[in-house]
Amino acid sequence: MTVKQFFKSTAFKCIVTLLAILLICGVFLTVMYGFLEVSDEERFERAINKIYGKSVTTEAVVLDGKQTEFEYSSVLEAYKVIDDGNYLVKLSGKEGFGGNVECWVAVEMDGNSIEGIMKVAVDNAPGESYIGKVSQDALNSLAEKAEYGSEVMGGYTHGSKQPGSDYIATGASYSMRAISNCVNGAMEFVAKLTGGNGQ
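Its first residue numbered 3, the sequence shown is counted upward by one per residue in my numbering.
Calculated directly from the structure, the hints in this document are not laboratory data.
A couple of the hints might just be wrong.
As the list claims (entries may be wrong) - List of simulated lysine-lysine pairs, DSBU-like, C-alpha gap at most 35 Å: (1) Lys6 / Lys82; (2) Lys82 / Lys68; (3) Lys52 / Lys121; (4) Lys194 / Lys52; (5) Lys68 / Lys6; (6) Lys96 / Lys52; (7) Lys52 / Lys135; (8) Lys82 / Lys10; (9) Lys135 / Lys147; (10) Lys56 / Lys6; (11) Lys15 / Lys96; (12) Lys194 / Lys121; (13) Lys56 / Lys147; (14) Lys82 / Lys52; (15) Lys68 / Lys96; (16) Lys135 / Lys121; (17) Lys10 / Lys96; (18) Lys121 / Lys56; (19) Lys135 / Lys56; (20) Lys147 / Lys82; (21) Lys10 / Lys68; (22) Lys96 / Lys82; (23) Lys56 / Lys194; (24) Lys163 / Lys96; (25) Lys68 / Lys52; (26) Lys56 / Lys15.
Whole structure, please, built from the sequences with the hints as guidance.
Structure (structure tokens):
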């Protein structure tokens, strides 16, 4: 087969067609990614809506020089809610089923004292195959049980398969352990941040 015959062959036409389809799909996906990409600001607004159900005014807490690493959690972001004086903290809770669970935790304040947890919302849990079993009711129940100065444990206890003292049956006990770690870390972080007594 000569080069001229190859360019006239069905095989060449198929290759050109496939390359054209790949090029068009690549351009389409690139354009759609730009349209569908969620900005950090939009993610934050969604988190606020999950917690408050409306827009609120917040002020970012500068994390430099603050303790953000705790035994079972890490603080990723923190904000003071100007409207009510509460703190909104995003943490990564350790000891989940397949890794860490990222949660937003609203810490309810009375001046510099921690009153409790207003609400908890799961933000990201890529390794947690059962995270869908954790309902908002279960998260609300965990928030109600949380009390500063006492570790809340809505899933398994640390490093075991034994139910914690505040166990909530969800079918996702490892995930609940990681979420509990977020709640405990949020209270510990805010107490250190404000110098409050938590009473």
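Each hint tested on the structure:
1. Distance hint between lysine 6 and lysine 82 is unfulfilled; the C-alpha atoms sit about 72 Å from each other, more than 35 Å.
2. A hinted pair counts as satisfied when its Cα atoms are at most 35 Å apart, and lysine 82 with lysine 68 qualifies at roughly 15 Å.
3. For the suggested pair lysine 52 and lysine 121, the alpha carbons sit about 9 Å apart, so the restraint of at most 35 Å is met.
4. Of the supplied pair hints, the one linking lysine 194 and lysine 52 holds, its CA atoms being roughly 26 Å apart against a limit of 35 Å.
5. A hinted pair counts as satisfied when its Cα atoms are at most 35 Å apart, and lysine 68 with lysine 6 does not qualify at roughly 71 Å.
6. Only pairs whose Cα atoms come within 35 Å are accepted, and lysine 96 paired with lysine 52 is accepted, the gap being roughly 22 Å.
7. Of the pairs offered as hints, the one joining lysine 52 and lysine 135 holds, with about 18 Å between alpha carbons and a cut-off of 35 Å not exceeded.
8. Only pairs whose Cα atoms come within 35 Å are accepted, and lysine 82 paired with lysine 10 is rejected, the gap being roughly 69 Å.
9. Distance hint between lysine 135 and lysine 147 is fulfilled; the C-alpha atoms sit about 19 Å from each other, no more than 35 Å.
10. Between lysine 56 and lysine 6 the alpha-carbon distance is near 68 Å, which puts this suggested pair outside the 35 Å criterion.
11. With a C-alpha separation of about 55 Å, the suggested pair lysine 15 and lysine 96 falls outside the 35 Å cut-off, and the hint is violated.
12. Distance restraint check for lysine 194 and lysine 121: the Cα-Cα separation of roughly 20 Å lies within the 35 Å cut-off, and the hinted pair is therefore satisfied.
13. This hinted pair checks out: lysine 56 and lysine 147 have alpha carbons roughly 25 Å apart, not beyond 35 Å.
14. At most 35 Å may separate the alpha-carbon atoms for a hinted pair to count; lysine 82 and lysine 52 meet this at roughly 16 Å.
15. Distance check on the hinted pair: lysine 68 and lysine 96 sit about 20 Å apart at the alpha-carbon level, within 35 Å; holds.
16. The hinted pair formed by lysine 135 and lysine 121 meets the criterion: a straight-line CA distance of about 18 Å does not exceed 35 Å.
17. Simply put, lysine 10 and lysine 96 have alpha-carbon atoms about 61 Å apart, too far for the 35 Å limit, and the pair is violated.
18. Distance restraint check for lysine 121 and lysine 56: the Cα-Cα separation of roughly 14 Å lies within the 35 Å cut-off, and the hinted pair is therefore satisfied.
19. A C-alpha spacing of about 26 Å is found between lysine 135 and lysine 56, which places the hinted pair at or below 35 Å, so the restraint holds.
20. For the hint pairing lysine 147 with lysine 82, the CA-to-CA distance comes to about 23 Å; that is within 35 Å, so the pair holds.
21. For the suggested pair lysine 10 and lysine 68, the alpha carbons sit about 70 Å apart, so the restraint of at most 35 Å is broken.
22. For the proposed pair lysine 96 and lysine 82, the alpha carbon gap of about 24 Å is at most 35 Å, so the pair holds.
23. Under the criterion of a C-alpha separation no larger than 35 Å, the hint pairing lysine 56 with lysine 194 is consistent with the structure, at around 28 Å.
24. Proximity of lysine 163 to lysine 96 is assessed by CA-CA distance (about 15 Å); at most 35 Å being required, the pair is judged to hold.
25. With a CA separation close to 26 Å, the supplied pair lysine 68 and lysine 52 stays within the 35 Å bound.
26. Taken as a hint, the lysine 56 and lysine 15 pair is broken in the structure, with Cα atoms around 57 Å apart against an allowance of 35 Å.
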